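J.: Okay, here's what each chain looks like letter by letter:
Protein chains: 2
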Amino acid sequence: MANLTIALDAMGGDHGPPVTIPAALEVLAEYPQLKFIVCGDKYQIVPLINDIALSLQQRIEVLHCPQVVSMGEKPSQALRNKTQSSMRVSLDLVQENRAQACVSAGNTGALLAMAYYVLKMLPGIKRPALVTAIPSAKGHRTYVLDLGANVECDEHILHQFALMGSVLTEKIDLKNPRIGILNVGEEEIKGSGTTKRAARLLKEDKSLNYIGFVEGNDLFTDKADVIVCDGFVGNVAMKACEGLAKAVIESIKSLASENWLSKVFAAIALPMLKKLYRQMNPDQYNGASLLGLRGIVIKSHGNASKEAFKYAIEEAINEIRHQVPEKIGNRIEQALTDRS
Amino acid sequence: MANLTIALDAMGGDHGPPVTIPAALEVLAEYPQLKFIVCGDKYQIVPLINDIALSLQQRIEVLHCPQVVSMGEKPSQALRNKTQSSMRVSLDLVQENRAQACVSAGNTGALLAMAYYVLKMLPGIKRPALVTAIPSAKGHRTYVLDLGANVECDEHILHQFALMGSVLTEKIDLKNPRIGILNVGEEEIKGSGTTKRAARLLKEDKSLNYIGFVEGNDLFTDKADVIVCDGFVGNVAMKACEGLAKAVIESIKSLASENWLSKVFAAIALPMLKKLYRQMNPDQYNGASLLGLRGIVIKSHGNASKEAFKYAIEEAINEIRHQVPEKIGNRIEQALTDRS
Chain A
1 MANLTIALDA
11 MGGDHGPPVT
21 IPAALEVLAE
31 YPQLKFIVCG
41 DKYQIVPLIN
51 DIALSLQQRI
61 EVLHCPQVVS
71 MGEKPSQALR
81 NKTQSSMRVS
91 LDLVQENRAQ
101 ACVSAGNTGA
111 LLAMAYYVLK
121 MLPGIKRPAL
131 VTAIPSAKGH
141 RTYVLDLGAN
151 VECDEHILHQ
161 FALMGSVLTE
171 KIDLKNPRIG
181 ILNVGEEEIK
191 GSGTTKRAAR
201 LLKEDKSLNY
211 IGFVEGNDLF
221 TDKADVIVCD
231 GFVGNVAMKA
241 CEGLAKAVIE
251 SIKSLASENW
261 LSKVFAAIAL
271 PMLKKLYRQM
281 NPDQYNGASL
291 LGLRGIVIKS
301 HGNASKEAFK
311 YAIEEAINEI
321 RHQVPEKIGN
331 RIEQALTDRS
Chain B
1 MANLTIALDA
11 MGGDHGPPVT
21 IPAALEVLAE
31 YPQLKFIVCG
41 DKYQIVPLIN
51 DIALSLQQRI
61 EVLHCPQVVS
71 MGEKPSQALR
81 NKTQSSMRVS
91 LDLVQENRAQ
101 ACVSAGNTGA
111 LLAMAYYVLK
121 MLPGIKRPAL
131 VTAIPSAKGH
141 RTYVLDLGAN
151 VECDEHILHQ
161 FALMGSVLTE
171 KIDLKNPRIG
181 ILNVGEEEIK
191 GSGTTKRAAR
201 LLKEDKSLNY
211 IGFVEGNDLF
221 TDKADVIVCD
231 GFVGNVAMKA
241 CEGLAKAVIE
251 SIKSLASENW
261 LSKVFAAIAL
271 PMLKKLYRQM
281 NPDQYNGASL
291 LGLRGIVIKS
301 HGNASKEAFK
311 YAIEEAINEI
321 RHQVPEKIGN
331 RIEQALTDRS
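Sequence order for the protein chains is A and B. Under the UniProt record's numbering, the first residue of the first sequence carries the number 1, and numbering increases by one thereafter. Under the UniProt record's numbering, the first residue of the second sequence carries the number 1, and numbering increases by one thereafter.
None of these hints come from the bench; they were simulated from the model. Do not take every clue at face value.
It does not matter which identical chain is used: a pair holds within one copy or between any two.
Claimed, not checked - BS3-like, lysine-lysine: derived pairs with alpha carbons at most 27 Å apart: (1) K190 x K246; (2) K196 x K74; (3) K223 x K196; (4) K171 x K42; (5) K126 x K196; (6) K175 x K203; (7) K74 x K203; (8) K253 x K223; (9) K223 x K246; (10) K206 x K223; (11) K126 x K206.
Values in this document were obtained by computation on a predicted structure and should not be read as measured data.
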């Protein structure tokens, strides 16, 4: 039986152990070969696992960590000062091959900085990328990268994002995914110098199924399976969508204080919209992956619920089983060989 | 009585005269000093105004234009070949001072290219910007620029966007608006080189109420009154939000085919959500303004309804009354004087 050990940053996120531990226990019950090394404050963690079945307890190791990276902490400071934090120790476990993946709902910037520092890049990879799957209305998924790991990306970095995204879709059994470059228009003459140069590179690479430029609204259509962009654009677009979703929910809430029909509408609409929102909120859907490193790192949304955090853990299991880092390493090596 | 003449591109948009003319007639009835020069195919326009009151007819001049810029036409080709189009003639009227503003629901790229070519920039302005007001849930408006006129912007261009946006909010009686720069995080160390350099420029400019970096979700909060960004980011973020809104409406439509409770929900929710969507869809809210030119150009969304197109016309009236181009010219001149 293959080793399936996940290092869990139990302290990360807005809720910490009360969300991360119950989520972990439920996933543990579903995957008999799974083990957790749970990193964090043992005084908060142990009481939450004391009463569970022995068969589950045997597959949990608690590693006490005296430090926590707070949500507002500067990445550079966390990197320097928080070497005993649950986040850092979880990443160290992956680096030491004691775990195959790390899952954290903690401070994104700190996680990126620490993962980059601890795990290092795969050979030939220029920059890591944060990627997530956006579910569209029809059940289709679009993988979007980068969502904020790199604010400035040249065409070669975007090309590597396309290769990494292409590997990632294999885990949902999608070979030869349609790759699009996010742009301000679909015509070839549109866009920045970088997007035009990236378009040439992707078109030349016969290992990729490049379909051309796509626009912002195509994040939610089924035009492409993988959409590449620099982390500045990806981050702003995702957060703008989050902001819109919240604003719509607020608007409907305010209806509840108007007349009786509005009240009825709000009472029916709110739970359903919130469910939709959770489904469409990419960070909460199944966790974002940090690609390009020598190890698997899954970032869950900070205010993820137990259900959402379970998705993030399952995403880690999926990537372990599909050996995502190894395959990315091979694909990039192949691309470099082809070019030379 | 001040002259208030608007050149109307009657042919622009997905619907053309059946939407633009009824919208114009309703606005005409509300503003007794308003005149229209309606540009387009007289055979389509004249029948739509034949039956109206003489007092309104006297304030409409129809200028027959044999050409139309189509929605999918390349801007460069439109600029070269469509000198007799309703769009081009409307802009010419502004350039010749026969009209104070032009309103069009036509091809955005062609309108930008033609407006830039026909009207020219105000002295000292580096690049024009497309701006619109995004209404947040609480009735607050955030002006966002640029939405796609310029894909690459350096810090000096972003600084001018801040000055232009600051002038624009005066027309809603908001002095000293809070200006934010769109970024991937709020901390000063976050972002691209351009955003950091722009932050320094905006902070140094004591004529601006610069509040720092804002994030994508702040497009829908009341944190800032004016948010500046390059046109690539602005365009992608807006279109992503449009895509999300459409996807949510599609999701709810699909509920209507499930069980009876879903059917009831969908029947109640859809009209209300569509209304919300129209309110929050920035292009349809009140038209986007092209700032920085020697004249007023308002771009309405291509598939605007009559109501939405009326907003665009009213936006033009507002900008004429507030002498937006003159004030922008003065503000930029002042900024250039202060620096020298």
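J.: It remains to establish, for every hint, whether it holds in the given structure.
T.: The hints, checked one at a time:
1. In this assembly of identical chains, K190 and K246 lie within 27 Å of each other by CA distance solely across copies; the values are 24 Å between and 32 Å within a copy.
2. Only between protomers do K196 and K74 lie at most 27 Å apart by alpha-carbon distance; the minimum there is 17 Å, versus 35 Å within a single protomer.
3. Taking the shortest Cα distances, K223 and K196 sit within 27 Å of each other inside one copy (19 Å), while across copies they are farther apart (35 Å).
4. Taking the shortest Cα distances, K171 and K42 never come within 27 Å of each other, neither inside one copy (34 Å) nor across copies (59 Å).
5. Both within a single protomer and between protomers do K126 and K196 lie at most 27 Å apart by alpha-carbon distance, with minima of 20 Å and 23 Å respectively.
6. Proximity of K175 to K203 under the C-alpha cut-off of 27 Å is restricted to the intra-copy arrangement: shortest distance 18 Å within a copy versus 50 Å between copies.
7. In this assembly of identical chains, K74 and K203 lie within 27 Å of each other by CA distance solely across copies; the values are 22 Å between and 39 Å within a copy.
8. For the identical chains of this complex, K253 and K223 are inter-copy neighbours only, at 20 Å across copies versus 33 Å inside a copy, given an alpha-carbon limit of 27 Å.
9. In this homomeric assembly, K223 and K246 come within 27 Å of each other (Cα to Cα) both inside a single copy, at 26 Å, and across copies, at 15 Å.
10. Taking the shortest alpha-carbon separations for K206 and K223, only the intra-copy value of 20 Å comes in at or below 27 Å, while the best inter-copy value is 47 Å.
11. In this assembly of identical chains, K126 and K206 lie within 27 Å of each other by CA distance solely inside one copy; the values are 21 Å within and 41 Å between copies.
Hint compliance for this structure: hint 4 is the single one not met.
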